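**Student:** In case you want the letters, here they are:
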Amino acid sequence: MALDPAYLEYPKRREGYDHDLYPWSSIFDRKPVAWPDGKPVAVWLCVSLEWFPMTPSDTPFRAPGHMQTSYPDYRHYTAREYGTRVGFYRLLDAFRKAGVKASIATNGAIAERYPQIIADIMADGHEIIAHSTDMNGTIASTLPEADERALIAQSLASIEAAAGKRPAGWLSIARSESWNTPRLLKEAGLRYTCDWVNDELPWRFANGLVNLPLNHELSDRQIITVQQQSADSYAQQMVDAFDWLVKEAADHGGRVLPLHITPYIMALPYRIAAFEALLQTLAARPEAWFATGEEIVTSWEGQQ
Amino acid sequence: MSEAQKADPGLYDFVPYRNRSKIVWPGGKKVAIWVAPNLEYYEIDPPANPHRKSWTKPHPDVVGYAHRDHSNRVSHWRMADAMSKYGFPGSVSLSVALCQHHPEVVKDANERGWEFFSHGIYNTRYTYGMDEAQERAIIEDSIRTVRDATGQTIRGWLAPALTHTPRTLDLIAEYGLDYTCDLYHDDQPQPVKVQSGKLISIPYSLEVNDHYGFFVYNMSPREYADTLIRQYERLAEEGETSGTVMCIPLHAYLIGQPHRIGPFAEVLRHIAEDGRAWIARAGEIADHYYDHHYAEAAHGA
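Taken in sequence, the protein lines are chains G and F. Under full-length UniProt numbering, think of the first position of the first sequence as 1, with each following residue one higher. Under full-length UniProt numbering, think of the first position of the second sequence as 1, with each following residue one higher.
Hints in this document: simulated from the structure, not taken from any laboratory. In this text, all values refer to a predicted model and were calculated from it rather than measured experimentally.
Keeping only pairs whose Cα atoms sit at most 27 Å apart, straight-line, the calculated BS3-like set for lysine-lysine is:
1) G:K247 with F:K85
2) F:K57 with G:K186
3) F:K107 with G:K31
Build out the structure end to end from the sequences listed, making use of the hints.
**Tutor:** Dropping the structure here:
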């Protein structure tokens with residue numbers, strides 16, 4: 001039996017995208033971006049700070065890094081908590097030592113459960129990005145709109161209550177959105193999301209929400225956990241990326257290098273030194289502008 | 001088709017690598033190198049094919065879609081500039097609907113002197129389950145779309161998402177296409193047995209495809225670069241005996257990432273400076289093979 005004739009019909013085959021979420025443009029055709037002080041490359045540190053309930057949910061899908069064994073999965077629950085209790089403080093110390101600010105993509109549950117950690121983040125001047133409620137708060141088009149709206153509101157309320165400030169940015173778990181997400185994030189008053197990895201500069205959805213791409217290919221999860229490479233190799237790859245972007249920026253304007261870090265992956269005793277050395281290397285480079293997500297978005301918006 | 005025919009559809013003769021007649025590439029070069037960028041369009045909300053799922057997640061699969069969109073907003077030009085700098089033209093495996101969606105990308109490739117062959121309409125529309133009329137429709141669509149957009153007549157085929165039917169090779173030969181990139185049985189071009197016309201296979205590669213390098217073998221950017229150089233060195237060495245072919249199949253959204261493009265550009269520099277490589281388009285390799293070797297290979301064995 002042949003395929004349904006509709007399989008050879010292409011109703012969205014037209015100039016531009018097959019959706020209306022955002023318009024197309026090439027990064028090489030846009031007006032060049034200039035970062036503060038003439039720095040060619042914005043280095044954006046983004047740390048995911050997550051709480052995994054020991055009772056994982058598969059609705060709409062189970063988050064990466066979540067529980068794997070029969071209940072009770074002490075092994076994964078505590079290994080993730082290690083990242084929050086120990087590893088994250090190694091990262092805060094590393095940021096202090098390098099004199100750099102980061103964006104911390106934080107589950108609302110972290111703010112509810114561990115207000116001290118929010119106070120420590122704020123005291124060091126880092127940005128908090130809303131990162132859903134907890135690691136059961138995944139989003140996909142199978143999640144009812146009302147549930148998604150409530151999830152976004154709860155995440156923002158929990159963080160605002162602990163931090164005294166409403167986040168401007170949003171990162172979905174696994175960068176997974178529904179058809180409704182850009183609209184719901186805009187409705188909730190957020191300025192930007194980090195979920196769409198299709199570009200290396202901020203861009204705007206049709207509804208005005210900004211996307212600041214958090215490149216998943218450059219994340220410690222992708223390079224170390226998925227591709228099984230060493231922390232030394234990871235650090236080398238980031239320096240290679242930085243060097244390339246510096247060269248490209250000379251001809252085409254400012255670029256962004258997003259470093260997406262996970263405490264329970266990168267901040268282990270045997271990996272953290274490679275990351276600290278990477279921070280020192282990049283912090284010593286005159287071409288680097290270390291900036292939070294919101295600072296990058298603000299600088300970019302001011303030039304549009 | 002009988003079970004025996006299905007078990008071996010008789011695509012080609014068994015020809016051992018030892019004692020082959022000598023292929024000499026133009027200029028006495030030892031290895032023909034061609035670079036095959038896949039310029040693709042993946043739909044955000046494609047219809048379901050009963051034989052294969054497209055996205056693994058409910059639509060929109062934001063990371064899957066956006067990762068591939070990176071090609072058409074950022075990394076195509078990064079990859080293409082590195083290729084142009086060292087004198088490598090592309091032979092493009094094209095989702096032909098890209099001609100409609102992002103003509104700027106297709107125009108850029110055409111202006112660089114790249115050759116186009118078809119990789120189907122979209123990389124989210126699979127050939128599995130098509131009847132003959134449907135399969136003819138996508139071949140005719142491919143020929144017409146690429147001609148309208150670039151002035152070029154496609155000469156080759158790489159099945160969309162590597163999805164075939166048992167009649168695909170016969171059909172593309174009937175439409176006058178010269179080469180297929182879907183067969184991985186050799187390091188030299190080979191005649192392919194088809195019902196009418198002529199067809200040859202040109203070595204493409206899964207093994208040194210950037211997708212395999214990064215997502216099957218999980219290589220770091222520098223390990224992948226080293227892999228390409230080892231592949232090149234061996235094929236150039238064996239090309240002394242009889243000319244070989246090396247393909248570097250690429251996806252801009254993979255090779256054009258900022259941590260990968262630098263080591264890759266060094267590979268291109270290495271090959272360009274080596275002197276044993278005939279840097280060519282797929283069609284030029286096909287022409288040379290048809291002109292000098294096809295008759296003997298197809299009939300002399």
